[in-house]
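Chemist: First to last, the protein sequences are chains G and S.
Each residue of the first sequence is one higher than the last, beginning at 1 in our numbering.
Each residue of the second sequence is one higher than the last, beginning at 1001 in our numbering.
Calculated from the structure, these hints are not laboratory results.
Treat the hints with caution; some may be incorrect.
Stated by the list, open to error - Each pair of labels, with its calculated beta carbon distance range:
#1 S:LYS1068 / G:SER83: 40 to 48 Å
#2 S:SER1098 / G:ARG9: 43 to 51 Å
#3 S:THR1028 / G:PRO18: 35 to 43 Å
#4 G:SER83 / S:GLN1009: 19 to 27 Å
#5 S:ILE1018 / G:PRO95: 27 to 35 Å
Values in this document were obtained by computation on a predicted structure and should not be read as measured data.
From the three backbone atoms N, C-alpha and C, an ideal C-beta is built for every residue, glycine too.
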Amino acid sequence: DAGITQSPRHKVTETGTPVTLRCHQTENHRYMYWYRQDPGHGLRLIHYSYGVKDTDKGEVSDGYSVSRSKTEDFLLTLESATSSQTSVYFCAISPREQETQYFGPGTRLLVL
Amino acid sequence: QQQVKQSPQSLIVQKGGIPIINCAYENTAFDYFPWYQQFPGKGPALLIAIRPDVSEKKEGRFTISFNKSAKQFSLHIMDSQPGDSATYFCAASIKGTSGSRLTFGEGTQLTVNP
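Excised from the complex, chain S in its bound form:
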């Protein structure tokens, strides 16, 4: 059961463009939404995260937009660079009695052409 759906699967933009990656979730109990970035041959690394009490969060060139009523959130990369070429994963989690666990989207492979 895929509780977090991510789109698109792949995305190609030119340098300076603004790629947007979207995620939708089903479980309204999710209360923490991180984005991870993964380069080939490496483990994922946290990029930015948001909690549902805010609608937007910016860190450098990366912005998360969060729409609680639509159960959707998205990642925007401003002034994209070839070095941003990577796979991006959205995720969601709920706190539980034995700790929280992340549910990941399927991933988006981003290519930024020079």
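Isolated chain G, as found in the complex:
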């Protein structure tokens, strides 16, 4: 998986609790992305980062925040998890714009 790890790989949580997912890369790639994957919707971009401390919203950013304090780590936070945020979350990295995005193994999140 091109030097990308995601943690945790599986998580079950309750509605209203905060959740943080971590993406860690060893490739020193500039761009990092968070997607969610749901049946019938493909992959939808939540937030992305184009450098340390530089982030922007994707198409489904409501209810999510991100932080990137160093090149190798990109954190996704659900401030107050809801059942609609039950999904598989993928992190991706890319060295340059419109280059291959390399995806991590995913985190399966269940919000009860």
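Chain G is fixed; fit chain S onto it per the hints.
Modeler: Chain S in isolation, oriented as in the chain G frame:
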């Protein structure tokens, strides 16, 4: 708002057949069109990509055909094998001031029977 529409949702072919997956886009500013392949339990992986200045690109058994005027592009898999059974996603992106972002189609689940 779904800017990239993909069809069919699922496709079953026999070994050796040529499955074709189609995508249509709305935004004429898109200028990069990759296809990703995903196996169960794994993250997607880039299969092949095309830019709108060419009408066709081949890599091994995989071919992208691109029709700029119709705003459509498709993936053809020649001599398909059971190992090609996976979910395929088309995508499109535009370069922006803060980096480019991919918009994915809904995915096509391909089954190649032996």
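Chemist: A separate judgement is required for each hint: does it hold in the structure or not?
Modeler: Here is how each hint holds up against the structure:
A beta carbon spacing of about 42 Å between LYS1068 of chain S and SER83 of chain G agrees with the range 40 to 48 Å that was offered as a hint. Checked against the given bound of 43 to 51 Å, the beta carbons of SER1098 of chain S and ARG9 of chain G, roughly 30 Å apart, lie outside it. At about 41 Å, the beta-carbon gap between THR1028 of chain S and PRO18 of chain G stays in the expected band of 35 to 43 Å. As the Cβ distance of SER83 of chain G to GLN1009 of chain S is approximately 25 Å, the hint placing it in 19 to 27 Å holds.
Between ILE1018 of chain S and PRO95 of chain G the beta carbons are some 33 Å apart, a value that agrees with the proposed interval 27 to 35 Å.
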